Amino acid sequence: MNRESAARGWQRVMSACVLTAVLSVGTATACDVAPVIRYAEPAAVKAFFERQGKRVVTFVGYSGAGYENRPAMLDEAGRMLDRWSPTDTIVNIGATPDGIGAVYDLAKQRGFTTAGIVSTQAKRYAAELSPCVDYVFYVEDDSWGGFVDGDTTLSPTSTAMVDASDVMVAIGGGAVARDELIAAKRAHKTVHFIAADMHHAKAIEKAQKKGLP
197 MNRESAARGW
207 QRVMSACVLT
217 AVLSVGTATA
227 CDVAPVIRYA
237 EPAAVKAFFE
247 RQGKRVVTFV
257 GYSGAGYENR
267 PAMLDEAGRM
277 LDRWSPTDTI
287 VNIGATPDGI
297 GAVYDLAKQR
307 GFTTAGIVST
317 QAKRYAAELS
327 PCVDYVFYVE
337 DDSWGGFVDG
347 DTTLSPTSTA
357 MVDASDVMVA
367 IGGGAVARDE
377 LIAAKRAHKT
387 VHFIAADMHH
397 AKAIEKAQKK
407 GLP
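Mind the numbering: the sequence shown is residues 197 to 409 in the working numbering, read in order.
Source of the hints: derived by calculation from the structure; they are not laboratory data.
Predicted, not measured: the structure shown is a model, and the values here were computed from it.
Ranges of calculated distance between the beta carbons of each label pair, as one might list FRET restraints: (1) Asp338 to Ala239: 16 to 22 Å; (2) Pro282 to His388: 14 to 20 Å; (3) Glu237 to Ala322: 19 to 25 Å; (4) Thr316 to Asp347: 19 to 25 Å; (5) Asp228 to His388: 27 to 33 Å; (6) Asp338 to Lys381: 22 to 28 Å; (7) Glu336 to Pro267: 32 to 38 Å; (8) Ala397 to Ile233: 30 to 36 Å; (9) Ala322 to Arg247: 27 to 33 Å.
Straight line, CA to CA, 30 Å or less: simulated DSS-like cross-link-like pairs of lysine-lysine: (10) Lys319 to Lys250; (11) Lys385 to Lys250; (12) Lys242 to Lys381; (13) Lys385 to Lys319; (14) Lys385 to Lys242; (15) Lys242 to Lys319; (16) Lys381 to Lys250.
Think of the CB as a built atom: it goes at the ideal place given N, C-alpha and C, for glycine as much as any other residue.
Start from the sequences and build out the full structure, keeping to the hints where you can.
Okay, structure coming up:
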């Protein structure tokens with residue numbers, strides 16, 4: 197190899213390294229968030245959002261169960277996010293990065309302030325917080341959410357979630373998401389539902405653990 201060829205090869209290596217570094221920095225800073233974490237009752241959570249003077253759009257769906265088609269879920273979420281402006285809207289989810297929590301990254305890329313409302317069960321089981329959430333509210337709760345007495349009274353976490361929201365967007369989701377959507381409709385909130393399958397392999401595993409066929 198002559199000196200000129202070696203120089204060209206070295207330039208290519210350096211260019212690749214610089215590009216990798218730039219991309220890595222972009223990825224890291226997209227969600228370089230030090231969240232404000234609070235323990236609060238539902239009324240205090242609602243009051244916080246009211247003080248912000250912005251529309252609160254809450255996304256619900258599958259969390260740990262995940263999505264069979266994650267890219268399609270993110271596409272749907274992106275289209276919904278594009279309806280609103282970061283200047284007057286806060287995006288709220290369930291604080292964790294799993295499943296629907298991937299929408300946090302999309303929201304931050306678009307410049308939204310983000311928030312998360314989650315049961316203290318998440319703290320008990322050391323659930324990870326999304327690196328893209330600005331405000332986290334842990335709500336004291338013996339459950340993960342949903343109705344606690346049939347179909348009329350929501351758990352504290354779900355009460356906080358529904359009361360704080362102006363708009364609720366469900367992309368698939370299990371029992372908790374269903375209950376919150378029902379309550380939101382009863383409260384005359386704006387509600388959007390987009391059908392989506394949970395991760396099939398995880399669904400089968402979950403059914404087997406419960407002894408279901």
